[in-house]
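**Q** Protein chains in written order, with our numbering: chain A, 64 to 325; chain B, 385 to 697; chain C, 3 to 510.
It is worth saying that the hints were derived from the structure and are not from the lab. You may find that some hints are simply not true.
[What the hints assert, rightly or not] To list a few chain B residues with every Cβ distance to chain A over 12 Å, as calculated:
1) G393
2) L405
3) I412
4) M438
5) D462
6) I495
7) V497
8) Y536
9) S552
10) M593
11) D594
12) A599
13) V676
[Said to hold, decoys possible] Each pair of labels, with its calculated beta carbon distance range:
14) S40/C / G469/B: 27 to 33 Å
15) M628/B / E204/A: 38 to 44 Å
16) A309/C / M628/B: 36 to 42 Å
17) D304/C / L561/B: 50 to 56 Å
18) E432/B / A93/C: 38 to 44 Å
19) A143/C / V444/B: 45 to 51 Å
20) G120/C / V397/B: 52 to 58 Å
Built from N, CA and C at the ideal position, the CB exists for glycine as well.
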Amino acid sequence: MLLDIRDLHVTFLSTGKEAVRGVDLQMEPGQRLGLVGESGSGKTVTAMALSGLIERWNVNMTGQVLFEDRDLLACSRNELRSVQGKDIGVVFQEPMTSLNPLMRVGRQVEEVLRIHTDLSAAEIRRMALQAMDQVGLPDPERTYEKYPHQLSGGQRQRAVIASAMVIHPKLLICDEPTTALDVTVQAQILELLRGVSEQFGVAILLISHDLSVVRRLCDQVAVMYRGKIVERGSTDDIFNAPQDEYTKRLIAAIPKKRKHHE
Amino acid sequence: MQYVLKKTGVLVVTLLLISLLAFLAFQIIPADPVTKLLGTDYTPERAEALRHEMGLDRNVFVRYFDWLTGFVTGDMGDSYSYGMGVEKVLEGKGAVTAGLSLMAWLMVIAISVPLGITLARFQGGRLDRVFVAMNQVFMAIPPFFLGILFTYVFGLVLKLFVPGGFISPRESFWGFLGYLFFPALAIAIPKAAMVTKLLRSSILNQMQMDYVRTAYSRGNSRWGVLRFHVLRNAILPVVTFVAMTLADIVAGSIIVEQVFALPGLGRLLLASIGNRDYPVVQCIVVIIAFIVVFMNYLADVLTQYIDPRVRLG
Amino acid sequence: MKDRILALATAVFMTAALLVGGGQSAFAAGSPADVNGSITVGIASDLDSSLDPHVSSSLAGTREVLFNIYEGLVKPDTQGNLVPAVAESYAVNDTADEYTFTLREGVRFHNGNEVTVGDVVYSLTRAAGLETGEPLMATLAGISAVEAPDDRTVVVTLSAPDAEFIAYMTAAVIPEGSDPADGIIGTGPFKYVSRSVQENIVLERFDDYWGEPAKSARVTFKVIEDGQTMVMSLRSGAIDMAAHLEASQVAELSGLSVLEGSMNLVQALYLNNARAPFDDIRVRQALCYAVDKQMVIDLAGDGHGTALGSSMYPAFGKYFDDALTDYYEFNIARAQELLTEAGYSAAKPLEFTIDVVAAYTPHVNTAQAVVELLRQTGMVNAKIEQMENSAWYSDVYQGRDFEATLHGMDASTLTASALLARFESSNAKNFIGFDNADYDAAYAAALATTDDAEQTAKFKECETILTESAANVYIQDLADFVVTQPNVQGYQFYPLYVMDMSTVYKTA
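Bound-form chain A, shown alone:
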């Protein structure tokens, strides 16, 4: 088992709001799981908690997040850092802002290697160029030297993905990775993520409010509502025979046209 979340509760100290109320979730290596729910359902908080990006001083977390049998909640900051980036990569929603505007793209792609490996600069650069090539960035040599503002939105998201997968993590958390992109680019990015997953055996946890997106990438779906997982199953099962009332409403909410298009 790659990931085993047991009875996770997350309460924000500042507001007193319990955003996650007893989540259990398991993932196998290489699996692609979609975590679906409307905004405020606690899906992003869950993902942040397991990627260690939640600001700990602001929350009270109970339960366990076992990543390869290691409880991330019990880890110190430093221990957590050895996992972040190396074993768990994250792709965020906003490709426009999730790259540092003042750092060359190539440097950002390879940063994770510099942090977690002792490879030579030349080797790191070679791997970065390769990853950039793999995510479909044109002319990696030149793109390496560019700044984020010189790339299009889709290219930026590819760069973010390249920066996360260059080290071949075991788990890639994608938080609404396509929401900010237009439809054709969306499809390409989802295709890219699927390819990365299949080629390198990277498990993907896809966070999305959009079931149609999940359906295109994931084999498993978990539906979250008000801080709890209300339903989990294979993508086909959930779509064809949703059990939970909330899931049914979610599916019904997928625009007809899009559904048809699927």
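With the hints as your guide, set chains B and C onto chain A.
**A** Structure of chains B and C alone, referenced to chain A:
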């Protein structure tokens, strides 16, 4: 190239405008050089004769043009109140003000950059809380007050320097710099408080940005995020401010020069305004305007160097 | 004749004093002088202009310093007497319109040349503007000719008799054909070395001086405009002495020698007699009754200062009439009565503005005390307007556009005219617009006579008229403090605004 041309154009126009305005300002305020020269010996006839002799009875624009052509050809004219060439009057004064301002400016940077970063890094820590509480006070301390305080504490009590014992660079360069230390510090502290505050809040502001989250997700430590990602971004809004601070410091040095009995441009400017000594005032005004415009230019260049999104054109 | 305007506060210059009995001299007996000593003196404002001794616009502070470099045919001593200098003797004819000087032998300029009659004739001709028709020194306007009948004698002829004229012969003697703008050359105990604007002026002992040589080898006048900095500089030892300090500054200095003299000026609330409300003598007198001079001196000067009742101060000796000092004894009821007569009341108070030069702290402080005392009448509402020096000259002094101004007027020569001429109705300097036929007659009579007693009587009559007609609200002659380091000795006050450094020395 085009940028340089454009900037140079702006510089020339600015200097022209400023010097013209300074010239015209003297038409509005009461009294002219003759007033002061004659003092209590004033009679309308003597004043008229003297004005004629000094050419002050000519049209203001004619006089300005006259001054301008002189200035452009390197003749800064004669001071009315000191009876010598302006360049002679200014001799040595520029070095004092330049030394004082530069030292104060470097102090501002040397204090505020490490401090701002440290405070942001340990945000909410004891040092940070103390600073935030004290910052208003530091920013509000007038340099002349600090000057008096320093004179008393460091000069009279601790005897680290001799108040009033200015040493000219001709006598001893290091003694000169040594004497400037406390005046420069008096100017630097309020400015450093401002820059520290600005840098700290700029860093904290940047820490909220998405790319910082991305950086953390790669396993960066807080220091790594600060150093490799945030700092460069955070320094951007500070650069222009810091550059313009130098111009501000030059202006602020006027008061501090009084307090520490430093024979600099600022004191000379005040005295010359009082004396209605246009040629001296014009020259100093042009120097200060040049510094302001130049620092502006420098800020542009630095910003562009730091931020690839900005292209000068 | 320059008013002392400048002086005060900022300072500069002045000095003088003669308190009762003539000046405290700081000769501390005993300690030998360090003949190689170097004295640094703090002065509160930079010297003006080109240091041309004949340009009479030179500020009092400049004159004070130049006193050490230049000399005239005669020069004042600490008692207010005029003693021979470049001249060894002089004679006046009976009609007081021809002065004959015999030059001293062996007097040298700082450039080493001996002073000749040619130099004297050149100097006086230049200062009196005999060739240009435009006198550089207004006091010399009465000269009609300067001649040298032989190589030791110079004869100065006046266009009208003037018994006071010898006082003007302190005008500097400079080398024939020279222009001070090109080089500062005089015959005084110190020679000019260098000057840096707003920084300092350096003098060195002139070893070939004809008289008693200066006791110190070098004197540096250092410009320190800020009063607080002046105090700090004294405390730190950066300067050896400073003159014209105020009581409040002196209070911060301990362990240093303090000499008290007086500024030799007439500080008063000068009233514009030519326009309302002060064209009404009742209003002027009311103010005189309402202002308790001693109270003002206590409030503004910590009790230091000499109350005055007219345009004359005690250092003038025979011309000073102490009976006038308390002519208007403090009397609020009388002041209210006069104000009521003039049509003012609590409901309709007298309102006016007092212009003061902001840089002259003692005047500002005094003005504040005066405003407070006037408020006690319940019928006067005065407000203070602080202004820049140049603006004061142009608006108040030259433009005469003011109601009242608090200022000090000094005398540049030891003549009663230096203080009294300005109240003659047609005088160009009569900025208060005083117009009194009796005064004009008395003043003219004083100038016309060659009889000393009569002249003195006439000048006193002038002073009395000023007091009786309440021309101004006279207040005081300010106290002048000179502070020196304990090892600095020999400073002497003069009844004029000069700072004689030749007697000052550091103990070895």
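**Q** Please go over all the hints and tell whether each is borne out by the structure.
**A** Verification of the supplied hints:
1. Every CB of chain A lies more than 12 Å from the CB of G393/B, the least distance being 29 Å, so the non-interface label holds.
2. Consistency note on L405/B: stated as away from chain A, and its beta-carbon is indeed over 12 Å from all of that chain's, at 39 Å minimum.
3. The claim that I412/B is not at the interface with chain A holds, since no C-beta of that chain comes within 12 Å of its own (minimum 48 Å).
4. The Cβ of M438/B lies farther than 12 Å from every Cβ of chain A, with a closest approach of about 58 Å, so its non-interface assignment holds.
5. In this structure D462/B is separated from chain A by more than 12 Å, as the shortest Cβ-Cβ distance comes to about 53 Å.
6. Under the 12 Å C-beta cut-off, the non-interface status given to I495/B relative to chain A holds; the minimum distance is some 25 Å.
7. Under the 12 Å C-beta cut-off, the non-interface status given to V497/B relative to chain A holds; the minimum distance is some 17 Å.
8. No Cβ of chain A comes within 12 Å of the Cβ of Y536/B; the nearest lies about 44 Å off, and the non-interface call holds.
9. Even its closest Cβ contact with chain A, about 45 Å, leaves S552/B beyond 12 Å, as expected for a residue assigned away from the interface.
10. Once the 12 Å rule is applied to beta carbons, M593/B is inconsistent with being away from chain A; the minimum gap is 7 Å.
11. The Cβ of D594/B does not lie farther than 12 Å from every Cβ of chain A; its closest approach is about 4 Å, which violates its non-interface assignment.
12. For A599/B, the shortest C-beta to C-beta distance to chain A comes to about 7 Å, within the 12 Å cut-off, and the non-interface label is violated.
13. Once the 12 Å rule is applied to beta carbons, V676/B is consistent with being away from chain A; the minimum gap is 27 Å.
14. Taking 27 to 33 Å as the suggested C-beta distance range, the pair S40/C and G469/B conforms, at roughly 29 Å.
15. A C-beta distance of roughly 40 Å is found between M628/B and E204/A, which places it inside the suggested range of 38 to 44 Å.
16. Take A309/C and M628/B: their Cβ atoms lie about 54 Å apart, and the range 36 to 42 Å is violated.
17. D304/C and L561/B have their C-beta atoms about 40 Å apart, which leaves the hinted 50 to 56 Å range violated.
18. Under the hint 38 to 44 Å, the C-beta atoms of E432/B and A93/C, about 40 Å apart, fit the expected range.
19. A hinted range of 45 to 51 Å is violated for the C-beta pair A143/C and V444/B, which are about 33 Å apart.
20. Taken as a hint, the range 52 to 58 Å holds for the pair G120/C and V397/B, whose Cβ atoms sit roughly 57 Å apart.
The earlier numbered hints that this structure contradicts are 10, 11, 12, 16, 17 and 19.
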